[in-house]
Amino acid sequence: DVKVTQSSRYLVKRTGEKVFLECVQDMDHENMFWYRQDPGLGLRLIYFSYDVKMKEKGDIPEGYSVSREKKERFSLILESASTNQTSMYLCASSHYNEQFFGPGTRLTVL
Amino acid sequence: RKEVEQDPGPFNVPEGATVAFNCTYSNSASQSFFWYRQDCRKEPKLLMSVYSSGNEDGRFTAQLNRASQYISLLIRDSKLSDSATYLCVGVNTDKLIFGTGTRLQVFP
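Heads up: the sequence lines are chains A and B, in that order. The opening residue of the first sequence carries number 1 in the working numbering; numbering runs sequentially from there. The opening residue of the second sequence carries number 1001 in the working numbering; numbering runs sequentially from there.
Heads up, some of the hints might be wrong.
Stated by the list, open to error - Derived lysine to aspartate or glutamate pairs resembling EDC-like cross-links, with alpha carbons at most 16 Å apart:
1. B/Lys-1042 x A/Asp-38
2. B/Lys-1095 x A/Asp-51
3. B/Lys-1095 x A/Glu-17
4. B/Lys-1045 x A/Glu-98
5. B/Lys-1002 x A/Asp-59
6. B/Lys-1095 x A/Glu-30
7. B/Lys-1095 x A/Glu-56
8. A/Lys-55 x B/Asp-1094
9. A/Lys-3 x B/Glu-1056
10. B/Lys-1095 x A/Glu-98
11. A/Lys-57 x B/Asp-1094
Since the hints were made in silico from the structure, they are not lab data. Source: prediction; values computed, not measured.
All chains, please: the whole structure from these sequences, using the hints.
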């Protein structure tokens, strides 16, 4: 069964903290994605990766960075968390166009 | 203008009703389309692909009209378990473009 896992379901951090969100997939997919989902705005693409050590900016990369050292793991980093980064973060991996999502991390930045 | 637009709803329908959602897209270069379903506080999951010829999966029918640039999803004989948010998704240069979703609430 296809599986994408994320390190935390809920996370509370303070402004200025460095935050790591981890995502692991067990499907040997090449492509991995990070989105944030906000009411009324839908899912917005932050970063994506088509291969190990490769990354591409999505639509809203500002304030974020990513790391893909291994095929199965794609990390999202908030270098200095801000309150406007409070959101639901969803990781996905894909085979062709079908994307499989992790359960999401609800991040609150105080 | 958003690349993929949907009516946010909510659509409140009784069990057994037929309900249809439309979605419009602005980029005529979009190659493929999908409907995803997202339950409350859960992740999106693929419901079905949308083909130019239309496709059906049980009670669900998806249609694509390229001339008018809209996609539709028809649900027949609605069940309580169909209550969810339905996301219209386009593909543009290998990236998925998500609509904001249409919320469906089926009541007894």
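Results of checking the hints against the structure:
| no. | hint | result |
| --- | --- | --- |
| 1 | B/Lys-1042 x A/Asp-38 | holds (14 Å) |
| 2 | B/Lys-1095 x A/Asp-51 | holds (15 Å) |
| 3 | B/Lys-1095 x A/Glu-17 | violated (30 Å) |
| 4 | B/Lys-1045 x A/Glu-98 | holds (9 Å) |
| 5 | B/Lys-1002 x A/Asp-59 | holds (13 Å) |
| 6 | B/Lys-1095 x A/Glu-30 | holds (14 Å) |
| 7 | B/Lys-1095 x A/Glu-56 | holds (11 Å) |
| 8 | A/Lys-55 x B/Asp-1094 | holds (14 Å) |
| 9 | A/Lys-3 x B/Glu-1056 | violated (27 Å) |
| 10 | B/Lys-1095 x A/Glu-98 | holds (11 Å) |
| 11 | A/Lys-57 x B/Asp-1094 | holds (13 Å) |
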